[in-house]
Amino acid sequence: MSFECGSAEHDLTRRQVLGAFAGAAGASVGLGGLLNPAVADQIKRKQKQVLLIWTDGGMSQFESWNPKPGTEHGGPFRAIPTTVPGLQLSELMPKTAKQAHHLAVVRSMKTKDENHSTGVPRILRGDPPNRGVDYPHLGSAVAKFMHPEENTLPPYIHVKPGNSAFHYRDAGFLGAKYGALTLGDGRPPVHVHRPETVTDDVELARQELRQRHNRRFAVGRQEGPIDAHAYAYNMAARLMSHVDLFDPSKLSKRDIERYGTHQLGRHLLQARRLLEAGTTFVRVTSYHWDTHGDNFNSHLRMMPDFDRPFAALIEDLHVSGMLENVLVIAMSEFGRTPKINEKLGRDHWPESWSLALAGCGLKSGVIIGDTDELGLDILTEPYDIGHLFFTVFTALGLNPLAKYKHKGQSLPAIDPNCHKVIKGVLA
Amino acid sequence: MTREDTFIQLLKEAAAILLLLPALQAGEETQIDFVKQVKPILEKRCLSCHGSEKQKGKLRLDLKGAAMEAGNKGNVILAGNSEESALFQRINLDRTHDDIMPPKGVPLSETELETIRAWIAQGAKWPDDLVLKPAVQKVEEAQASSVPSLHERIDALIRARLKGKVAPVASDKDFLRRVYLDFAGTIPSAKEAATFLVDKSPDKRTKLLDTLMNGPGYGRAMANAFSVMLLERRVGKDIPGEEWHRYLESAFEGNKPWDVLMQDILAAEGTDPRTRPAVKFYLERGQLTLLTSDISRLMLGRDISCAQCHDHPSIKDYTQAEFYGLMAYLSGSRRHQNKATKKVYYLDGHLGKKLEFKSAFTQKKAMSGPKLAHRAEIRIPVFQRGREYAPVVDHVSGMKTRPKFQRRKLLAAHLPSVDNEAFRKNAVNRLWFMLMGRGLVQPLDQHHPKNPASHPELLELLAAEFQAMNFDIKEFLRELALTQSYQRSSLLPEGVSDVPPESYAVFNMRPLSAEQLAWSVMQSTENLAWVQSKPKREAAAAKASERAKAKSAKKAGKDPKSAVKKNEKEAEVKEDPLDPDAPKVLELFRKAYANPPGEAEVQYNPSTVGALFLGNEKLILHWLKPHQKNMAERLAGLAKQKKFEKIADELYLAVLSRHPLDEEKVETVDYLKKDEMRFTDALAEYAWSLLASTEFRMNH
Chain A
5 MSFECGSAEH DLTRRQVLGA FAGAAGASVG LGGLLNPAVA DQIKRKQKQV
55 LLIWTDGGMS QFESWNPKPG TEHGGPFRAI PTTVPGLQLS ELMPKTAKQA
105 HHLAVVRSMK TKDENHSTGV PRILRGDPPN RGVDYPHLGS AVAKFMHPEE
155 NTLPPYIHVK PGNSAFHYRD AGFLGAKYGA LTLGDGRPPV HVHRPETVTD
205 DVELARQELR QRHNRRFAVG RQEGPIDAHA YAYNMAARLM SHVDLFDPSK
255 LSKRDIERYG THQLGRHLLQ ARRLLEAGTT FVRVTSYHWD THGDNFNSHL
305 RMMPDFDRPF AALIEDLHVS GMLENVLVIA MSEFGRTPKI NEKLGRDHWP
355 ESWSLALAGC GLKSGVIIGD TDELGLDILT EPYDIGHLFF TVFTALGLNP
405 LAKYKHKGQS LPAIDPNCHK VIKGVLA
Chain B
300 MTREDTFIQL LKEAAAILLL LPALQAGEET QIDFVKQVKP ILEKRCLSCH
350 GSEKQKGKLR LDLKGAAMEA GNKGNVILAG NSEESALFQR INLDRTHDDI
400 MPPKGVPLSE TELETIRAWI AQGAKWPDDL VLKPAVQKVE EAQASSVPSL
450 HERIDALIRA RLKGKVAPVA SDKDFLRRVY LDFAGTIPSA KEAATFLVDK
500 SPDKRTKLLD TLMNGPGYGR AMANAFSVML LERRVGKDIP GEEWHRYLES
550 AFEGNKPWDV LMQDILAAEG TDPRTRPAVK FYLERGQLTL LTSDISRLML
600 GRDISCAQCH DHPSIKDYTQ AEFYGLMAYL SGSRRHQNKA TKKVYYLDGH
650 LGKKLEFKSA FTQKKAMSGP KLAHRAEIRI PVFQRGREYA PVVDHVSGMK
700 TRPKFQRRKL LAAHLPSVDN EAFRKNAVNR LWFMLMGRGL VQPLDQHHPK
750 NPASHPELLE LLAAEFQAMN FDIKEFLREL ALTQSYQRSS LLPEGVSDVP
800 PESYAVFNMR PLSAEQLAWS VMQSTENLAW VQSKPKREAA AAKASERAKA
850 KSAKKAGKDP KSAVKKNEKE AEVKEDPLDP DAPKVLELFR KAYANPPGEA
900 EVQYNPSTVG ALFLGNEKLI LHWLKPHQKN MAERLAGLAK QKKFEKIADE
950 LYLAVLSRHP LDEEKVETVD YLKKDEMRFT DALAEYAWSL LASTEFRMNH
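These protein sequence lines are chains A and B, in that order. 421 is the number that the working numbering gives to position 417 of the first sequence; each next residue is one higher, with no gaps. 798 is the number that the working numbering gives to position 499 of the second sequence; each next residue is one higher, with no gaps.
Simulated from the structure, these hints should not be mistaken for lab results. Mixed in with the good hints there might be a few duds.
[To be verified] Taking lysine-lysine pairs in the BS3-like style, the calculated list, with each CA pair at most 30 Å apart, reads:
(1) A:409 / B:464
(2) A:116 / B:663
(3) B:664 / A:347
(4) B:652 / B:663
[Claimed, not checked] If you want the footprint, here are the derived chain A segments under chain B, 3+ residues with CB under 8 Å:
(5) 220 to 227
(6) 233 to 247
All C-beta atoms, glycine included, are put in the ideal place defined by N, C-alpha and C.
Turn these sequences into a full structure, and let the hints steer you where they fit.
As structure tokens, this is what we get:
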């Protein structure tokens, strides 16, 4: 167990404790976001950020980024034109089609694992095979390498349905502090609100006393657990100072309407607020994309839930200027089989699937890679998950050849077999 | 039942029909020599209570005549009939039985039992005028005269691998807090702390240890630790958590040996009321693959979960055959609900088959019946068609037939056994982890040749000794607690900034569990008694209002019964969040500090949720204000007398179980006196800062 943060206490300033940081207090302006001081701050900082939209279970590429209408396995849906000449998307994403000029659609992903249980962690960790250690998830890796600015929210926040928790396992061998702070249903932990009896002055005084005790206790002791404990309090203070971020009454009606009141809609809107407030890495998870049965009705039902808030988000990030520094990744652990099974479903398919990228200086309005007429084989150069990680690191200005030091071992951050960017994505 | 009996019972139940029961070792019995073999046992284990000085139960065993005539018609020792002899019966009880002799200390070993049994059976020969004398040996003499004790041998093996400087012995205050947390599940009260710190006797540490291990908190503390280990925070409803907790608690209060506990759990179906809660282990998991993985991880220290699809790619020892061999033991068991009572069971109720498996790597297929690693496969008997099941009358589960071959009972007999090295090593490694903050083999479920123990020879020693003491958990933990490793300070030796945790040169700090935190916060703020009195207070209040209602109803000429009913309803609805009972408090702390279900608690995870909870939960803030004889009220009393230094002292004793340093005393007094008008607020703030400190959060 190793926590390398030195002293985690030093950045707990008066400003932060008192919640003076504007946060997203006025972040409800939506399209008028440029007027929002928080957003303006964020742009000025030029800090790179990531939004990972994870459609868990495997979104079908045929019903989204790589439609094959009228072919043997194409399914019942049509393809529609987009704002990018030559790029067609499934008719299930009409709103995204209007934002396509901000996207880079990659149609040549070829990965290795076709099981959820191993595939999800494998894709999220992107690790070289058979290293015998638990690699960090992309969010934890970025949190470590980006050196997030002080006085912002926890660097890695995960918005998903269900309960809130601190998911330290995401961090693998990096150690718990790089884990994901999970906000179940986008809500903050129940105790984020300070009771009125604890005034600002009282809070400041008691936290200062606590830090004094800790300084005395730390003398002559190993740092690990002491730092970790301080870190927990530090994160707690940061969350408390951003309480407004989670206040639904601060949302504009227009945003609610554009993103939708369904789960993924609310969660992507929350993600935007978290990004505006400076979170380094936000992951949003949507479940139930594993459509082994009734694939088409399922996508007919679920794709609009994705399309609407995704398009709104891309539009907002673009208009506010944040898209210049925010890298958006929309993906699953794999795609779905071309072959339609007897239950009108599609099964797991890592062989030739698609994902979408946007922002952070990537080329926009481009299509990367191509598959054959039936969507079975990739006709261009195939890319593994390591190539995606390599591309992400490069786009974020991180060194993709970086190594982790773990128990005396030197471990490559990215699978050495994949030390190459996805061609045509970087500007 | 003794261990042997349990074992044999399990075998019988499982396989008697098949005559799989091994022939009992008949052989020729050797003659017992009274003077050499029996006399030392009686002198050492019996005469301090049944000798010339004391004759408890009017029994003395130092004189032949008295011994032979004792009891009802001389039935204490019935020459030639050991089974009917009260002497043998009483020493041969299950160690958790109330009547077992000797009532204190370790029960007689199997060899000693066998000696007494054979001696009586062979006619209880005793030279007429040979008078026995109690073996009075002072503890120091006993130690000097015999081999070094286990904790001394542990110390020697740890020392042998130490390089460089070692932390000093933990101070009394650190030792005090440590043993309280580990063996009573809470920090000591201010009073207990003060008493121990002034005690000058040289053996006060050992005395405290023994007091705690035989005290009321031991069962609870161990039950909490084992529950976290065995269920990994799963919280299903089939067996309520409180029943499970009570089951474990009483197991530890009776010092149930590790192997017997694991046998109970592995064989549990939920039909036997004595062990029903143990079936929670199965019901919480349900899936066969998960059960197979977890039994292997938790009871054998081998995480073979990836071997469900293929041999482990890098650990040769973890094979797919091992996984399916273990799973085949479970494959006859199913979750079963009694339709009438709605109660749920996990029954060994199907005949089951050999399991076929195919490697995801090589596509090679194979079959396995029940089989443990390095053991022979259990032959599945072939029954005539239609004769595989026997009719039974089982009103509890509602089942009408049971298979004639029940494999899970065999698992309970085969896995937790003395000749299963993996079982023994896992047991001692997990107990070591509980007290030392780290396993000798780490991670705990990675026992394999490529991941050797930090001290292989120590692991061997512990496994052998734990077996020799019949898997006596309390005795084993006591030895660990007496080691230098356990009693070292968490302060680094001078000039050293980093020490590898596996050297045990410094005590490895570990966080308090959610349960330890809950108890310790209640203890330190002195709200524990109030919280624990909640059920009593509720009952009293209900009774009082019942009377009042009945009275007023009578006056109004109404039916008093309906008035009472209405009143009960009202009582249910009203729940004061600032006046919870103990289970509710535990639930709050678990929500804030425990891992999510299914995640082992084996390392410290900084919890932002916990920090927010402690800072902003109104109940915590309420506990820090004067109320019902709690600490704040007590110290407010001292404030009226202007005894601020005394307040500082009491505050530190209550929360951190130590006296404040001068610097801390000054700081406290300054803070409290800054504005005496707001003394109670200032006290609450200062006390909170101590509760939120790393020193409080850690077992250090």
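- Item | Within 8 Å of chain B (C-beta), three or more residues of the stretch 233 to 247 of chain A | Since 9 is at least three, the answer is holds.
- Message: Run the distance test for residue 652 (chain B) versus residue 663 (chain B): straight-line Cα separation, threshold 30 Å.
- Response: Judged against 30 Å, a Cα distance of about 19 Å means the pair holds.
- Query: residue 116 (chain A) and residue 663 (chain B): Cα distance at most 30 Å?
  - Reply: Roughly 21 Å between the alpha carbons, so the hint for residue 116 (chain A) and residue 663 (chain B) holds.
- Task: Closer than 8 Å, Cβ to Cβ, for at least three residues: run that test on the stretch 220 to 227 of chain A against chain B and report holds or violated.
- Result: With 6 residues close enough to chain B, the hint holds.
- Message: Need the status of pair residue 409 (chain A), residue 464 (chain B): alpha-carbon distance at most 30 Å?
- Response: holds, 26 Å
- Task: Would you mind confirming whether the straight-line C-alpha gap from residue 664 (chain B) to residue 347 (chain A) stays at or under 30 Å?
- Result: Holds. Residue 664 (chain B) to residue 347 (chain A) sits at ~29 Å (cutoff 30 Å).
No hint from the list above goes unmet by this structure.
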